[in-house]
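Q: Sequence:
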Amino acid sequence: MHTILVAIDFSDVTTKVIETAGKLAQAFKSRAVLVHVSEPDPDFVGFEPGPQSVRAVVARDFRDEHHKLDHLKQALGAMGVETVALHIQGPTADKILREADVQGAGIVVMGSHGHGALHHLLVGSVTAGVIKEAKCPVLVVPAIQRSPSS
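Counting from 1, one number per residue, gives the positions in the sequence shown under our numbering.
What the hints contain is simulated information worked out from the structure, not anything from laboratory work. Watch out, some of these pointers could steer you wrong.
[Said to hold, decoys possible] Computed cross-link-like contacts, BS3-like style, restricted to lysine-lysine with a CA-CA straight-line distance of at most 30 Å:
#1 Lys-95 to Lys-29
#2 Lys-68 to Lys-135
#3 Lys-29 to Lys-68
#4 Lys-135 to Lys-23
#5 Lys-95 to Lys-16
#6 Lys-16 to Lys-132
#7 Lys-29 to Lys-135
#8 Lys-132 to Lys-23
#9 Lys-95 to Lys-132
#10 Lys-132 to Lys-29
[Said to hold, decoys possible] The calculated label-pair distances, taken between Cβ atoms and stated as ranges, are:
#11 Ser-53 to Ile-131: 23 to 31 Å
#12 Lys-23 to His-113: 18 to 26 Å
#13 Arg-60 to Gly-106: 17 to 25 Å
#14 Asp-94 to Pro-137: 37 to 45 Å
#15 Gln-52 to Ile-131: 21 to 29 Å
#16 Lys-29 to Asp-61: 33 to 41 Å
Note that CB positions come from ideal geometry on N, CA and C, so glycine has one too.
Start from the sequences and build out the full structure, keeping to the hints where you can.
A: Structure representation (structure tokens):
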């Protein structure tokens, strides 16, 4: 059975990414591995309210992300796709690439936010980092649908 690694960030493009990955998984009788990468635990030095309040916010956010990921797993399952969901922490592109290797992914499906060149220059792009280093094909689902005349 082939594996499709599906990188999820809960942005506006997530629904399209899930739909695309689901169709691919159905067509090729593949399993889907959903991966959401959260930021590493913050450095607590210098926070005024104290580390406990920050930890509570981080824990709440992590729990919310876990519930969203589980919902997406159920949505793919409803399409008849065998799905595994992973919620991990660390540098996003590195973790996606590592999981693609670990899972033996034949393809990575992820979204693009449609930011311009200046944004990528200043902030970087997880998608660009994955494309550059991936050992398998990467399917990028665009956030913005342009009309054929554009």
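Q: Against this structure, judge whether each hint is valid.
A: A quick look at each hint next to the structure:
1. Lys-95 to Lys-29: holds, 25 Å
2. Lys-68 to Lys-135: Holds, at about 28 Å.
3. Lys-29 to Lys-68: With a Cα-Cα distance of about 24 Å, the restraint between Lys-29 and Lys-68 holds, given a limit of 30 Å.
4. Lys-135 to Lys-23: Between Lys-135 and Lys-23 the Cα gap is close to 22 Å, so the pair holds against 30 Å.
5. Lys-95 to Lys-16: holds, 22 Å
6. Lys-16 to Lys-132: holds, 22 Å
7. Lys-29 to Lys-135: holds, 21 Å
8. Lys-132 to Lys-23: Given that 30 Å is the threshold and the Cα spacing comes to 25 Å, the pair holds.
9. Lys-95 to Lys-132: It holds: about 14 Å lies between the C-alpha atoms, which stays within 30 Å.
10. Lys-132 to Lys-29: Holds - the C-alpha atoms of Lys-29 and Lys-132 are around 27 Å apart, at most 30 Å.
11. Ser-53 to Ile-131: 23 to 31 Å: Given a distance of about 38 Å, which is not inside 23 to 31 Å, the answer is violated.
12. Lys-23 to His-113: 18 to 26 Å: holds, 21 Å
13. Arg-60 to Gly-106: 17 to 25 Å: violated, 36 Å
14. Asp-94 to Pro-137: 37 to 45 Å: Cβ of Asp-94 to Cβ of Pro-137: about 19 Å, so the range 37 to 45 Å is violated.
15. Gln-52 to Ile-131: 21 to 29 Å: violated, 40 Å
16. Lys-29 to Asp-61: 33 to 41 Å: holds, 35 Å
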